[in-house]
Amino acid sequence: MHNYKEKQTQLLQQCQSLLTLIEEKIPHAPYKSTITDLLHDLQTDEHLITVLGEFKRGKSTLINALIEQPLLPSDVTPTTATINVIKHSDSNGMTVYMQDGEVIEDRLSSNHLKSFTFEEGSNLQDIHHIEIKLPYEHLDQKVVIVDTPGVGDLNEHRLDVTYSYIPRSTIVLFVFDATTPIRKSEVDYLTETVLKLAFGEIVFVANFIDRLDEEELEETMDYMKARLKKVMKDEPFKLFALSSKDALENPQNPEFKQLLSYLKSQSQQGRGSTFKLSFFEDRLTQLFHVVEDEIRQIEAIRQASNLELEQALSKITDFNKKSKEHEKTLSVYIASRKNEIIQLTNKSIEHFEEELKQNLHESIFMYDGPKFQTFVERNIPISIKHQLKGWVNSYTPQIETLIKKLEKEILNGFSTLFKQELAAIRIGNGSHSLDSMGLSIKTTANSSDASVTSGLITAGAGVVMVLLSGGLLLPVITLAGFPLLNKFLGEKKLEKVKEEVLPHIDQEVTSLIEKLKASTGEYISQEVDHLEKKAFIQFEEYVAAYKQSLELELAKREREHKQSLPEISLEELLSIKN
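Numbering-wise (my numbering), the sequence shown opens with residue 1 and increments by one.
Just so you know, the hints here were simulated from the structure itself, not pulled from any lab data. C-beta: ideal position from N, C-alpha, C; glycine also. Misleading hints may appear alongside valid ones.
Across the chosen pairs, the derived CB separations fall in these ranges [to be verified]:
(1) Met232 <-> Glu23: 28 to 34 Å
(2) Glu421 <-> Lys533: 17 to 23 Å
(3) Asp506 <-> Asp222: 40 to 46 Å
(4) Thr36 <-> Met232: 36 to 42 Å
(5) Asn111 <-> Gln373: 42 to 48 Å
(6) Lys264 <-> Glu514: 46 to 52 Å
(7) Glu514 <-> Gln13: 50 to 56 Å
(8) Glu68 <-> Thr36: 35 to 41 Å
Could you put together the complete structure from these sequences and hints?
Right, here's the structure in full:
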């Protein structure tokens, strides 16, 4: 296998050469922006290492060890309150990105970073993230380290941690405390979120081994491996035991060097890197096919008679007169398919509602503890939230698959329309397929990240979660309105209380399910409406480019002006590709 950097450089050079060829020979090609997008993705390609862990796991100290300086505030009390994105730069610097879009250039120092911690910070909720720039001495310059806020329960992480950074990470570094058992909340976050959203590798770190003796360490590692094996099932994983404190004091610490060596190798040859390379290569291969079809079309136009060219132009004129009629027919079809996707999604939501209510009923019937009211008002809402979040994470990829299928149907529909109405000039091996012409339609994913906008990952689950009341809020379940509650509890008639409570919980679940239906419906509508709009625009651009090619060739032949079709051959393309 090629080294990642070597292969990425090769793809970058081929893409740049292809863009140069198109700019010189076919400057108005409708797919030029697609080549530019790929070139930008290759140029800005980064390896994200996102560090996750609950409070007091030593994440910031571990990151300080990775960058070989005590920059991030770390203490025995929880500190990190913002998302800190650390990047390589020739000089030190710090930029604060606010939620409202404001960008603030700031000075970088450990003392100044303390003003963004839980202990000393204020209005931290207004900060989207902080970008820290500093020179890397021993890490690849493309490595970006993401320090996430410490939380008591990982499931309370900000939506942008869960749905932006985790899916984009080449490596997710999950940090545990080796001196305490793995918590249920950590296991839940792994199974319900990280394993479902991560496309890269998950690497585990057992921190604070300096607090254990040799026998305790051996027992702890056996326990953690067994517990994580159940979580990861058949998926192989790496668990590194170390002391972040010792690693910061001594970069040559053997346990830390093992982790560092592994991170370096995986950034070049790991699962996430391999996936990205394959993705970039597939996109470039598709673009070569696109340009090849374009060249064949140019050659076919050159070989066509004047009569054939004039007939083709006449077909375009006739087609444009009927364009509104065609648009209406396709719009009706797209609206029908959109409703089908929404109906299928609603059926899944209704099935989920039945399972959720059944699970909650079983939890309540089986509960036999002393603080029933606390259980209902605190534990039940948390259970609802986790199960709802699990459905969103599991089902949203299926929604996106259905939307992607519809995208292909839309493009095929336009391709068929072109063949039937416009393809007067036969192209040798050309497909006249818009899908093969680089006219794939981008999603509306609200992200500036190249890997999102180019299709490497999707942000659908995050969009649904945001639409769901501005984020997934805990349902409010209170028993204060039950006048007989205290009476029944006083008489120790717990079963009677349960009968009173269940309809109230069902009502809250039904209300939340309606919000989920509305949120997913809005997301599907936004995506499909965007597909439709972009498809019509790109088809019009393609027809216009085809018309221009015909007119240029006729103009050349009639000597009306000196413009002519591009002088381009397949040999020029093959010299780049091979």
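Each hint, compared with the structure:
| no. | hint | verdict |
| --- | --- | --- |
| 1 | Met232 <-> Glu23: 28 to 34 Å | violated (48 Å) |
| 2 | Glu421 <-> Lys533: 17 to 23 Å | holds (21 Å) |
| 3 | Asp506 <-> Asp222: 40 to 46 Å | holds (44 Å) |
| 4 | Thr36 <-> Met232: 36 to 42 Å | holds (40 Å) |
| 5 | Asn111 <-> Gln373: 42 to 48 Å | holds (47 Å) |
| 6 | Lys264 <-> Glu514: 46 to 52 Å | holds (50 Å) |
| 7 | Glu514 <-> Gln13: 50 to 56 Å | holds (53 Å) |
| 8 | Glu68 <-> Thr36: 35 to 41 Å | holds (37 Å) |
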